[in-house]
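> Model the full assembly from the supplied sequences, consistent with the hints where possible.
Protein chains: 2
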Amino acid sequence: MEGEIARTGSHIKAMAKFAVLGFGVVGSGVVELFYKNKAHIEEKAGQEMDVKYILDIRQFPASPYKDKIVASIDPILEDPEVTAIAECMGGVEPAFTYVKACLERGKSVSTSNKELVAQKGAELLALAAEKNCNFFFEASVGGAIPIIRPLHKCLAANDISGVAGILNGTTNFILTKMIRDKMQFADALALAQKLGYAEKDPTADVEGLDACRKICIISSLVFGKHVYPKDVYTKGIADIALEDVELAGHLGGAVKLIASVQRQADGRILPAVMPMFVSYDNLISRVDDVFNAIMVYGDAIDKTMFYGRGAGKFPTASAVLGDVIDAVKHARTVFSQAWEPSDDNRFLAPIAERTSRMYLKVSKCDPQQMFRKLYDFYASQKIAVDAQLSLARLKDGENIAFLTPTELTEAQCDMLVAQMTTGGIQVISRMPVLN
Amino acid sequence: MEGEIARTGSHIKAMAKFAVLGFGVVGSGVVELFYKNKAHIEEKAGQEMDVKYILDIRQFPASPYKDKIVASIDPILEDPEVTAIAECMGGVEPAFTYVKACLERGKSVSTSNKELVAQKGAELLALAAEKNCNFFFEASVGGAIPIIRPLHKCLAANDISGVAGILNGTTNFILTKMIRDKMQFADALALAQKLGYAEKDPTADVEGLDACRKICIISSLVFGKHVYPKDVYTKGIADIALEDVELAGHLGGAVKLIASVQRQADGRILPAVMPMFVSYDNLISRVDDVFNAIMVYGDAIDKTMFYGRGAGKFPTASAVLGDVIDAVKHARTVFSQAWEPSDDNRFLAPIAERTSRMYLKVSKCDPQQMFRKLYDFYASQKIAVDAQLSLARLKDGENIAFLTPTELTEAQCDMLVAQMTTGGIQVISRMPVLN
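Read top to bottom, the protein sequences are chains F and W.
All residue numbers for the first sequence refer to full-length UniProt numbering, where the first residue is 1 and numbers rise by one.
All residue numbers for the second sequence refer to full-length UniProt numbering, where the first residue is 1 and numbers rise by one.
It is possible that some hints are incorrect.
Given that identical chains are not distinguished, each listed pair holds provided it fits within a single copy or across any two copies.
[Stated by the list, open to error] Capping the alpha-carbon separation at 25 Å, the derived lysine-lysine pairs in BS3-like fashion look like this:
id, residue 1, residue 2
1, 38, 225
2, 313, 303
3, 66, 382
4, 52, 36
5, 38, 66
6, 313, 52
7, 303, 38
8, 182, 66
9, 100, 52
10, 36, 225
11, 36, 303
12, 395, 100
13, 52, 17
14, 313, 17
15, 303, 194
16, 200, 38
17, 382, 38
Derived from the structure by calculation, the hints contain no laboratory data.
No experiment lies behind these values; they were computed from the predicted model shown.
The following block contains the structure:
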């Protein structure tokens, strides 16, 4: 290991120095948490540690760490004492250039930057392996929740068939407010912004892009090939009406923004981000507020779930520092689970093939007529149905919601919607039921 | 790394051979799961792997693995090709003697044996570190649930203040049947035995001993000093009446057998296993059937929960094999988080100091009289109370259950019970409310 040797008490210990790139919310959390729990962290790492540089182009004259702040990556790259990097800048550039330069010099990098991992993960993991160092990204998915390391270590003996969960806290907060307090979407969003849970421009959260990046990372890790956000069907929660949330409750479930990936029978994988109906039987339906939860399905484990705060200063800093400790403790061991780059997306199945029961809401109509159209559709598709259909209405004569009695592909559901429309029944909204 | 070099295709790969001690439920699960997912496991391990020996004094003439079975540990100890061991025998002896002998020869051991870890963990971890190999025990707590590695790796930057959860699937199944199906304890136990979830002699599960061993392991790992089962207050579920389960429901919670450990203000820790009232607001209340869940509280993470199957052939085998893969992949890196041996139990706080709100059930009486006794007690203790008290009764004139309006220590609760008894109010049952 590079780094100075410090004499402490009667025994000689190595000293590991690391740099923090970006002194925003997460980066400052990493520095503060490190100094708060320094003794404990050093015990875990088996050596003394210190933050040597903080990279930020802004100045922080009031910060107790102002002497560590540098405006250029160069001193960090050139300093052989710095063996580990915490990258908390966000965005692809200049983070990508900086991380690449660090890895090229054999400095292990731990990142909270999901955009970077989702876009450049395969390349950076290959570079880290080549340079005999690590590229860690526990903090990029699920904030404080340990998920990356458990997925590729603890569950390594499993054939994992799918992952599904709530990967964005902002939208889960909004949906919880709609469910619990009957707030309209716009009001719940405004409250999330007021509380600092949502950005001024909430697009990345509300439209599902943030959850999409995270499911790309998980898909790549689990199934071994880089999945790009552009190839993942992504639908946000902006169209969810309060009425849908209430009707879902009457049907025995909650509306949640679910990021999922599943392996199809032919081996292709199907990642997607969509609002879904989650039955109260499923623990994910009980995950509220800004909390995230990730359910993993495997042949030996059946299912296992990880729950916690998916974002925030200290939860994310906890994950970054956990990786930094690992990087420092095992400086010459390469742990990172690499995945292959992907030149095309033929290993991905299109959304049309996604199969589940469906939640449908149709405009006010005669329920008997609606049932007839539904059963006509099943007859036309030669699908046998004997399940009892339950429906929900907020009031007599209002819109009707129900869950389809069987699983349908999204393509079949398109046909069902078209047939209903032709028959005079207007489908106002639809979403899959989480299996 | 020791072991033969096998030529496969165009590249040379190492070959790692491991031995399985005990061919019972878990041991046979390890062997079956390994061969089922061999290709995938070898990819994760970065090398070819094989099971070379299975130790069992029984004979298995019909087993496809019968040629691997040996009746003595000696060939395993003497074979330098065997670098990793999966210990699935259960019980302290002869497992302890065998594991010690393996570690002394530098063979890493992965165990599912909670009794062994709870009794001998500190000693075996120290021996592994001395011999530059690993003693892994992910499978000893929470079956398939990744908890040991996340606790000491992913959450390493946290100051962890406590852990609480459902660590025994058998009792959770019994309680779930009581809650959902209004079964009496004895009937639910009989069903659990019929389904193979409970042993013929169900003492270890029902009396909380199994959960106790697991919270000892977690306490030792988190707080760094060996906690012995004999020092942990342990109360099982045999006294839980169906009436308590129903009354708890009326008060907005579920009765669960909770194993917990928390750090007191003075730094001592307080591990305990007791039935508790868990509010529906707490996700743990929603963990049903044989599933386990473990909530971890830390300064940076706030709280994070791990959920899954806590027992069973393949879930446990998954955890054992995950450890074996890690041992094989990083044969010369010592990962195990050691903890100190403990010569006395002065670092443990007694149960009398445990503090929480309390669920109390009193025999039929005049509620006003009962309230007066309760408020007399609070006045005598100079504890201010202004919370609204809600009570539950299955029928008018029946036993009354309520939650105390403030937190009390167990010692204070003893006094409350005594004062009520003196005042003619009989307390039939009590349990803490999970904080």
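> All the hints need checking, so say for each whether the structure fits it.
How the hints compare with the structure:
| no. | hint | in the structure |
| --- | --- | --- |
| 1 | 38 - 225 | between (37 Å within a copy, 20 Å between copies) |
| 2 | 313 - 303 | between (29 Å within a copy, 14 Å between copies) |
| 3 | 66 - 382 | neither (71 Å within a copy, 50 Å between copies) |
| 4 | 52 - 36 | within (16 Å within a copy, 48 Å between copies) |
| 5 | 38 - 66 | within (19 Å within a copy, 53 Å between copies) |
| 6 | 313 - 52 | within (21 Å within a copy, 49 Å between copies) |
| 7 | 303 - 38 | between (36 Å within a copy, 21 Å between copies) |
| 8 | 182 - 66 | neither (46 Å within a copy, 63 Å between copies) |
| 9 | 100 - 52 | within (20 Å within a copy, 43 Å between copies) |
| 10 | 36 - 225 | between (39 Å within a copy, 22 Å between copies) |
| 11 | 36 - 303 | between (36 Å within a copy, 18 Å between copies) |
| 12 | 395 - 100 | neither (59 Å within a copy, 70 Å between copies) |
| 13 | 52 - 17 | within (6 Å within a copy, 44 Å between copies) |
| 14 | 313 - 17 | within (22 Å within a copy, 44 Å between copies) |
| 15 | 303 - 194 | between (36 Å within a copy, 24 Å between copies) |
| 16 | 200 - 38 | neither (34 Å within a copy, 50 Å between copies) |
| 17 | 382 - 38 | neither (66 Å within a copy, 41 Å between copies) |
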